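So the chains spell out like this:
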Amino acid sequence: ILNVEQSPQSLHVQEGDSTNFTCSFPSSNFYALHWYRWETAKSPEALFVMTLNGDEKKKGRISATLNTKEGYSYLYIKGSQPEDSATYLCGYWGAGNNRKLIWGLGTSLAVNP
Amino acid sequence: KAGVTQTPRYLIKTRGQQVTLSCSPISGHRSVSWYQQTPGQGLQFLFEYFSETQRNKGNFPGRFSGRQFSNSRSEMNVSTLELGDSALYLCASSRGIGGSSYEQYFGPGTRLTVT
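Chains A and B, in that order, are what the protein sequence lines are.
Here our numbering is used: the first sequence runs in plain steps of one and ends on residue 113.
Here our numbering is used: the second sequence runs in plain steps of one and ends on residue 115.
Bound conformation, chain B alone (with noise of 0.2 Å):
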């Protein structure tokens, strides 16, 4: 069976563009959520959507936002970056509501650089 897939793997952006990451969950996985990486923080939730529907938010401002497709593909999209968005962006797929009782299948992750 297929892993989760991340693309693109490696991305840099300057200040002020907009970048979109996409993840293919693996297959019957309704759930994906994503996560932001950086040293200091840890793994930050940045939301989850089931089903299409986003069901969950973390505290990042509006800039951030996603979608998911009736075949679950996600993309995370963050408008008008900023250093601080340089990070690892990591998608995890889930049978159910991620976090819960069901595990949680990570991709490789897109490494954002924002200059």
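The shape of chain A in the complex, shown without the other chains (with noise of 0.2 Å):
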């Protein structure tokens, strides 16, 4: 059984702090990486998809780094804000047969103003 983890499982942190979670996976067959944002009352919307060991992606205050070969992926936002407030999610691909994207449980971030 695969199993995809994130971490913390909620954080609540003031308007200004910087924060970050992190995702684990099966570091064998490791395909592809997402991360993915899901505001209440919303659809997940994709922040990241993130393939090469080594990689870092960035798009404004939120970066994210991949280790394929231990098997984890942090995301950071630099100064949170109240509209970053929202579940982050990450989905694991692995190679071979029959491949779906495995997610974890989300982290729930909460930044008070």
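Incorrect hints may appear among the rest.
Unchecked claim - Now the in silico label distances, taken between C-beta atoms and shown as ranges:
#1 P113(A) to S70(B): 41 to 51 Å
#2 S18(A) to N71(B): 41 to 51 Å
#3 E39(A) to I12(B): 24 to 34 Å
#4 P113(A) to F60(B): 38 to 48 Å
#5 L11(B) to N53(A): 37 to 47 Å
#6 S7(A) to N59(B): 22 to 32 Å
#7 K42(A) to L11(B): 13 to 23 Å
#8 E15(A) to T53(B): 46 to 56 Å
#9 Y31(A) to T5(B): 26 to 36 Å
#10 S7(A) to R95(B): 25 to 35 Å
Read the hints as simulated data drawn from the structure, not as lab findings.
Given the structure is predicted, the values throughout are model-derived calculations rather than measurements.
From the three backbone atoms N, C-alpha and C, an ideal C-beta is built for every residue, glycine too.
Starting from two chains that each stand alone, build the complex the way the hints lay out.
Here you go:
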């Protein structure tokens, strides 16, 4: 059974704080790692798709790193804003047959103004 | 460009009935994936269709089925509904095989309640 684990489960920070979350996934047969943001009452929205070990991607104040050899990815938010409040999901896509995105349970972020 | 649309948005059914959900992908996207989201289980993959062919299937009973039409629109059917089928059903489209190096675009979901 393939497991994707995210930590912490939830996080409360003050506006302006920087924060980071972790996504752990199987290090074997890696193909791609996805990060999505899911705001309440909206649809999940793609942040990053990462495929190469050592990949670093950035979109505004949000960035992500990928370590496929040890099976983890970090998502960083610099200077959190209330509009960053959402659940952040990671999805692992492995190589081989019957490939599918396996999702973690997400990290719920609340940014207090 | 119009986003992914799902119909209906809300549905209430009774146990034993069947239901059909519809998903229209973004124009030009050939892949449609379906997910079930419940509070304790998170997003669970149901199946993916690409060019009218089912590419992958998750670990759900045969009561859950789907299909994709030539215009890439997809339907999902659940027969003999059970209380545990109450969930948010999301579909997502992508240009290539979903989940590979292509990001997925999600619809707003269909909230199914089984009583």
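Now the hints, each set against the structure:
1. P113(A) to S70(B): 41 to 51 Å: The hint (41 to 51 Å, Cβ to Cβ) holds, given that P113(A) and S70(B) are roughly 50 Å apart.
2. S18(A) to N71(B): 41 to 51 Å: Given range 41 to 51 Å: holds, Cβ gap about 45 Å.
3. E39(A) to I12(B): 24 to 34 Å: Given about 25 Å between the Cβ atoms, the range holds.
4. P113(A) to F60(B): 38 to 48 Å: holds, 41 Å
5. L11(B) to N53(A): 37 to 47 Å: holds, 43 Å
6. S7(A) to N59(B): 22 to 32 Å: For N59(B) against S7(A), whose Cβ atoms are near 24 Å apart, the range 22 to 32 Å holds.
7. K42(A) to L11(B): 13 to 23 Å: holds, 20 Å
8. E15(A) to T53(B): 46 to 56 Å: holds, 48 Å
9. Y31(A) to T5(B): 26 to 36 Å: holds, 29 Å
10. S7(A) to R95(B): 25 to 35 Å: holds, 32 Å
When held up to the earlier numbered hints, the structure conflicts with none and fits them all.
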